[in-house]
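Student: Next come the chains, spelled out residue by residue.
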Amino acid sequence: MSKATAKRVAAAPGDNSAAAFDVARVRADFPILTQEVFGHPLVYLDTAASAQKPRQVIEAMSHAYETCYANVHRGVHRMSQLTTDAFESGRETVARFLNAGSADEIVFTRNATEAFNLLATCFASVNLGHGDEVVISTMEHHANIVPWQLVRDRLGIVLRIVPIDDDGNFLLDEYEALLGPRTKLVAVTHVSNALGTVVPLKQVIERAHARNIPVLVDGCQAVPHIKVDVQALDADFYVFTGHKLYGPTGIGVFYGKSELLKDLPPYQGGGEMIASVTFEKTTFKDPPHRFEAGTPPIVEVIGLSAAIDYVQALGQDAIAAHENGLRTYAETRLAQVPGLNLIGTAREKASIVSFTMDSAHPHDIGTIVDRSGVALRTGHHCAQPLMQRLGVAATARASFGIYNTRDEVDVLARALESVHEIFG
Amino acid sequence: MLDDLRELYQEVILDHGRNPRNHRNPPEANRHAHGHNPMCGDSVVVYATVDDAGVIRDVAFEGKGCAISVASASLMTEVLKGKTEAEAKVLFGQFHDMCTKEGAQGGDPDNEELERLQVLAGVREFPMRVKCATLAWHTLSAAMAGTDDATTE
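Going line by line, the protein sequences match chains A and B. With the first letter of the first sequence counted as 1, position 297 gets the number 297 in my numbering; the numbers rise by one all the way through. With the first letter of the second sequence counted as 1, position 84 gets the number 84 in my numbering; the numbers rise by one all the way through.
I should point out that these hints are in silico values taken from the structure, not numbers from a laboratory. Please read these numbers as outputs of a predicted model, since none were measured by experiment. One or more of the hints may lead you astray.
[Said to hold, decoys possible] A few chain A residues that face chain B, going by a derived Cβ cut-off under 10 Å, partial list only:
| hint | residue |
| --- | --- |
| 1 | Asn127 |
| 2 | Phe284 |
| 3 | Ile422 |
[Claimed, not checked] Negatives, chain B to chain A, calculated, CB over 12 Å:
| hint | residue |
| --- | --- |
| 4 | Val45 |
| 5 | Cys66 |
| 6 | Lys81 |
| 7 | Lys83 |
| 8 | His96 |
| 9 | Gly103 |
| 10 | Glu125 |
[Stated by the list, open to error] Here chain B is said to cover these stretches of chain A; the calculated rule only asks that three of the stretch's residues, wherever they fall, bring their Cβ under 8 Å from a Cβ of chain B:
| hint | stretch |
| --- | --- |
| 11 | 237-245 |
| 12 | 354-368 |
| 13 | 386-395 |
For glycine and all other residues, C-beta sits at the position ideal for the given N, C-alpha and C.
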């Protein structure tokens with residue numbers, strides 16, 4: 001066993017480094033895609049909820065457990081040192097992926113939700129008081145709403161909500177009008193999980209920074225589809241989750257600029273995050289370790305690192321082109337289904353097609369297409385305020401990943417036509 | 001594929017889903033509760049008018065939802081009229097079993113109400129949809145117990 005062996009498996013790119021996007025070769029990397037559902041090939045159109053995993057990720061994780069595993073940052077023994085190296089090299093992989101200034105700006109969490117709660121709690125304890133304002137948008141996932149409501153209930157802050165238009169476009173001028181002397185933070189999504197709207201983040205951040213307001217970005221739905229450069233965006237905080245990026249569950253990423261992280265207090269207390277402990281006084285480590293109490297998700301970081309290597313080997317521009325092609329094809333094809341209404345037709349979108357049907361509730365749609373092997377998300381997508389704004393209780397959502405094909409869009413469209421036949 | 005689906009979406013279900021019976025808010029109702037299904041966001045309000053002898057004189061509901069939840073609420077309002085609270089409770093138990101347990105077919109010719117609810121037995125093959133079929137019933141139970149809120153969780 002050597003460190004080199006572990007890294008070679010973790011970094012195996014799946015022989016997809018060719019310039020052209022070869023979806024058949026991508027599909028061959030995803031073992032689950034050979035499964036059948038009710039006698040039909042699985043048509044997995046729920047990547048925005050959680051992506052499937054390529055064998056490169058699965059193998060990197062089992063390889064770690066089989067050949068290179070111990071707790072990290074502890075002990076002088078060889079396995080601990082090798083595992084710590086693999087874990088910390090995962091931090092560097094994530095930093096490069098986001099083009100962070102340093103790996104010390106990458107904090108590992110349990111998931112994106114924990115990252116939001118971390119920031120809401122730590123930022124609030126030093127920066128927010130009664131009457132201070134946090135600006136979020138109508139399109140936020142509950143994970144970027146509820147933590148702020150908990151802060152509101154505790155401290156009496158005010159939440160300001162950026163409106164959208166009926167197509168799901170983020171309204172920049174209305175947003176800017178919300179920024180005032182009490183605004184202490186802007187917390188917005190990069191890509192809407194329910195509609196696929198791409199928020200004009202560069203302008204959002206510029207307008208906040210013109211007033212010295214920091215910006216937190218929910219990147220969960222962005223990083224699988226769009227190349228993200230946190231320095232070019234000048235994002236202050238950026239959050240994403242591993243499992244939507246073809247990596248494992250149980251791993252989230254919280255990026256923060258060094259100069260902002262250093263002023264934040266710890267989130268949870270415990271091992272790993274301390275410099276020294278006495279019963280009288282404890283001193284804390286510097287970021288990122290200050291925010292990583294307890295044994296971290298070690299093998300999940302190794303899996304996430306393999307997922308990033310995989311995505312980067314495919315090429316993020318090629319992925320975006322592939323998925324945008326699928327999305328626009330789906331929008332055209334589904335528009336031909338009788339009684340189908342596309343929900344969310346913003347100018348710039350990524351990889352998500354949300355819709356309702358006149359004849360059937362989204363839940364009934366989901367049940368019926370499931371019998372054709374098609375996995376759709378149906379419901380409120382953890383964005384109930386957005387559903388209320390759009391005047392719908394729920395939608396059906398098809399979301400596309402690197403392994404999806406036009407044929408699968410056709411299977412979906414035919415299944416939706418059978419919904420129309422049953423309910424029409 | 002279509003057999004299971006046709007079993008679930010029978011004409012009766014589609015009819016009650018499109019044209020729910022007793023979809024109203026009766027002013028004389030003396031029991032009511034809100035129910036919601038956190039998974040899909042569907043919500044329902046169930047109203048009951050219960051007389052001094054504990055007999056359910058009227059049941060109605062308001063709310064939107066999938067075909068299964070609306071049809072189930074609609075059918076529920078029809079079968080409960082004239083039942084006592086105790087009888088309603090027993091019927092809910094039997095209905096729940098019918099929706100979840102293999103072999104619990106209902107199909108008891110002496111139980112006219114359960115026989116009518118038999119059209120919903122198809123949800124057994126769709127475990128994710130059992131909550132849709134039982135939302136109105138859970139909500140009615142909450143109304144009878146005097147609690148305002150019911151969820152399917």
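Student: Next, verify each hint and record whether it holds.
Tutor: Comparing the hints with the structure gives:
Because the closest C-beta pair between asparagine 127 of chain A and chain B is about 32 Å apart, greater than 10 Å, the hint is violated. At its closest, the beta carbon of phenylalanine 284 of chain A sits 38 Å from a beta carbon of chain B; the interface hint therefore is violated under the 10 Å criterion. Given hint, isoleucine 422 of chain A at the interface with chain B, holds; its Cβ is 5 Å from that chain's nearest Cβ, closer than 10 Å. No beta-carbon of chain A comes within 12 Å of the beta-carbon of valine 45 of chain B; the shortest separation is about 14 Å.
With a minimum CB-CB distance of about 4 Å to chain A, cysteine 66 of chain B fails to clear the 12 Å threshold, and the non-interface call is violated. The Cβ of lysine 81 of chain B lies farther than 12 Å from every Cβ of chain A, with a closest approach of about 26 Å, so its non-interface assignment holds. Interface exclusion of lysine 83 of chain B from chain A stands, the closest Cβ pair being 29 Å apart, more than 12 Å. Residue placement check: histidine 96 of chain B keeps its beta carbon more than 12 Å from all beta carbons of chain A (closest about 19 Å).
At roughly 22 Å, the least C-beta separation between glycine 103 of chain B and chain A is larger than 12 Å, which holds for a residue marked as non-interface. A Cβ of chain A approaches the Cβ of glutamate 125 of chain B within 12 Å, the least distance being about 10 Å, so the stated non-interface status is violated. Against chain B, the stretch 237-245 of chain A contributes 0 residues with a C-beta closer than 8 Å to a partner C-beta. That does not satisfy the three-residue criterion, and the hint is violated. By the rule of at least three residues with a Cβ nearer than 8 Å to a Cβ of chain B, the coverage given for the stretch 354-368 of chain A holds, with 7 such residues.
Counting residues of the stretch 386-395 of chain A whose CB lies closer than 8 Å to any CB of chain B gives 3, which reaches the minimum of 3, so the coverage claim holds.
Checked against the numbered hints above, the structure breaks hints 1, 2, 5, 10, 11 and satisfies the rest.
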